[in-house]
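Trainee: For reference, the chains in residue letters:
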Amino acid sequence: MKNLMLRRVLLSGVLVLSVLAVGCAKKSVKAPPTPPPAPPQEHATPPTPPKSDTGTETPTPPPTNVSTDFQPAFFDLDSYSLREDARTALDADAKLLRDKTDAKLTIEGHCDERGTDEYNQALGEKRAQAAKEYLVNAGIDGGRIQVVSYGKERPFDTGHDESAWAKNRRAHLVSR
Amino acid sequence: MTPNVTTPRSRRARTACHAAACLALLLGMPGGARIAGAQTGDVRIDISSGAGKRIPLLVESLQTGGDATARPTSVIADTVLANDLACAGVFDVSRAWTDTPPAELQAVVGGKWTVNGNQVRLEGEVHDLPARRSIFSHEYKGTLRDQRRLVHQFADDVVLQFTGEPGISQTRIAFSAPEGRNKELYVMDWDGQNLQALTRDRSIALSPAFSPEGSLLLFTSYRAGTGPQIYVIPSAGGKPFLISGRTGINTSASYSPSGREIACTLSLEGNPEIYVLDARGGSPQRITSSRAIDTSPAWSPTGREIAFTSDRGGGFQVYVMDREGGNVRRLTYEVGNTDSPAWSPKGDRIAFVSRTGAGFDINVCRADGSGVRRVASGDSNENPKWSPDGRHLVFASNRGGSFGLWVSDLDDHPPRKLDTGGRVALSPAWSPRPGASGTSSN
Numbered sequence: 001m002k003n004l005m006l007r008r009v010l011l012s013g014v015l016v017l018s019v020l021a022v023g024c025a026k027k028s029v030k031a032p033p034t035p036p037p038a039p040p041q042e043h044a045t046p047p048t049p050p051k052s053d054t055g056t057e058t059p060t061p062p063p064t065n066v067s068t069d070f071q072p073a074f075f076d077l078d079s080y081s082l083r084e085d086a087r088t089a090l091d092a093d094a095k096l097l098r099d100k101t102d103a104k105l106t107i108e109g110h111c112d113e114r115g116t117d118e119y120n121q122a123l124g125e126k127r128a129q130a131a132k133e134y135l136v137n138a139g140i141d142g143g144r145i146q147v148v149s150y151g152k153e154r155p156f157d158t159g160h161d162e163s164a165w166a167k168n169r170r171a172h173l174v175s176r
Numbered sequence: 177m178t179p180n181v182t183t184p185r186s187r188r189a190r191t192a193c194h195a196a197a198c199l200a201l202l203l204g205m206p207g208g209a210r211i212a213g214a215q216t217g218d219v220r221i222d223i224s225s226g227a228g229k230r231i232p233l234l235v236e237s238l239q240t241g242g243d244a245t246a247r248p249t250s251v252i253a254d255t256v257l258a259n260d261l262a263c264a265g266v267f268d269v270s271r272a273w274t275d276t277p278p279a280e281l282q283a284v285v286g287g288k289w290t291v292n293g294n295q296v297r298l299e300g301e302v303h304d305l306p307a308r309r310s311i312f313s314h315e316y317k318g319t320l321r322d323q324r325r326l327v328h329q330f331a332d333d334v335v336l337q338f339t340g341e342p343g344i345s346q347t348r349i350a351f352s353a354p355e356g357r358n359k360e361l362y363v364m365d366w367d368g369q370n371l372q373a374l375t376r377d378r379s380i381a382l383s384p385a386f387s388p389e390g391s392l393l394l395f396t397s398y399r400a401g402t403g404p405q406i407y408v409i410p411s412a413g414g415k416p417f418l419i420s421g422r423t424g425i426n427t428s429a430s431y432s433p434s435g436r437e438i439a440c441t442l443s444l445e446g447n448p449e450i451y452v453l454d455a456r457g458g459s460p461q462r463i464t465s466s467r468a469i470d471t472s473p474a475w476s477p478t479g480r481e482i483a484f485t486s487d488r489g490g491g492f493q494v495y496v497m498d499r500e501g502g503n504v505r506r507l508t509y510e511v512g513n514t515d516s517p518a519w520s521p522k523g524d525r526i527a528f529v530s531r532t533g534a535g536f537d538i539n540v541c542r543a544d545g546s547g548v549r550r551v552a553s554g555d556s557n558e559n560p561k562w563s564p565d566g567r568h569l570v571f572a573s574n575r576g577g578s579f580g581l582w583v584s585d586l587d588d589h590p591p592r593k594l595d596t597g598g599r600v601a602l603s604p605a606w607s608p609r610p611g612a613s614g615t616s617s618n
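Residue numbers (our numbering), protein chains in the order written: chain A, 1 to 176; chain B, 177 to 618.
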């Protein structure tokens, strides 16, 4: 039973990945990349998180950052262990980073909408850190990688079902 | 409801522990015998568990005197007074101007409303029917601008008369409201009046928590663009100041009951752990150390213990530890995961959420984890916070569509929705009463 579920989750992850891969080109046309997060600054400065350009009426805002360069790592519910598909994605990301030695990136940790704000902020942090640790173990300089947890605040898909949730449980790699 | 209920209620307010426990037993309150949780040494007896019956009370229209403005303003005062008393969780209120009162009334509340120019005088009066005498009368003076506050003061005094503890109708509620992709903080009177925007950062503001005397709110914000940081803002409005912007997450902050310390979640050493900071955000002391997630710290009212959420046992559950981090014990054993602990103001109970298929239920248990009782279920019910008198829980729920704030009186009455000016509302915080101060020595 558990195995079956696990397999189903893995399978859906793979499906999601392939859908994302196919959808990437089109998506970047529809939703231009929002500016990367501002560099670390002193407190009390003007707010910088990306502003929605679509206004409040749109139920489907664009994801925080659409990067066609890096592949996101997806996670199971409440989990911050890297699945096989997540490792495969991060292997590709590590290769990319080895080729572009000057590239720096932010890893955003994201969660699905279930769970409290506070728990999801911690969970997003753990996911982003798990991805960073994997990249560092793959030989990438940790100094190039910054980690930010968005909890459930920046869903990739604003739907309320498992297919949306599966896309939202992710470590999202963004160039900066 | 019998007339003599008034007596035990007010007596319960004053008596020693065992007497209160006995009365609770007599009244069939499930918690009576074990009000304890006593081994924690951090418990005051709850005189207001709300499991008892309500006192039938008639609110009469205030008589008017003075200027012609007295009449229209008195109508507002009548409405506010009746609403305050009806929402106190203590009374079954009949409004003399619309309702037929029940046969066995306990008391009548009314008085006189006099306006002279800008000056308002409310002569409030409570008449006990079985005793056949006035049991309370008091004069409240102010300006027309304060008129709601005058009525709230009277209502709180009426609650004090019947329970031994003032009501909470002068308290405020802060919350986080989605605006597009962002969230801003708002604050309003507990009855939905005087809604005021606190942040205009076009960023994500979450998890507000009042200081023990109510003048400040801690919250989590992404306003600097570098991830979640902890800020403080005057609860009457003003400029936010950074409390903790350390590397990693800075979230889930709350003042200790003395106001001298802040518990929060930081990941500056890599893993999300619970820290205690001084009130300015300095000198972090780490008080958890597990490889799992530890977050959502909630102080006990004495400041000696902290409830928190951890996934150290697999799924996330609520635990309790001493302020220094020792003596960790698991509080909840629900099948679904649990989170969002909130310690009752008297220390006897802890509210928490438990995960269901669709979202969360809200539960209340004793401080030792026993006697779990479901308070709100259906759709999702999140972020429970106690009123300062421990009679109510405010929580966010998406029952009836989008998320709003609801209040449970912790008895068999259904929760009521708070007016948030039509805004979607999340993550509430309930202010202390005005004039409250830090309570304990830590």
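One should not assume that every hint holds.
Footprint (simulated), chain B over chain A, 3 or more residues, beta carbon under 8 Å [stated by the list, open to error]:
| no. | region |
| --- | --- |
| 1 | 114-122 |
| 2 | 125-135 |
| 3 | 144-154 |
Computed Cβ-Cβ distance ranges for the label pairs, DEER-style [claimed, not checked]:
| no. | chain 1 | residue 1 | chain 2 | residue 2 | range |
| --- | --- | --- | --- | --- | --- |
| 4 | A | S81 | B | H589 | 54 to 60 Å |
| 5 | B | D595 | A | K104 | 27 to 33 Å |
| 6 | A | E84 | B | A612 | 52 to 58 Å |
| 7 | A | E84 | B | G368 | 32 to 38 Å |
| 8 | B | H589 | A | A92 | 56 to 62 Å |
These aren't lab readings, by the way, just hints derived from the structure by calculation.
All values reported here derive from a predicted model rather than from experimental measurement.
Ideal Cβ positions, reconstructed from N, Cα and C, are used throughout, including at glycine.
Trainee: Which numbered hints does this structure break?
Mentor: Hint check: 4, 5 and 7 fail, others pass.
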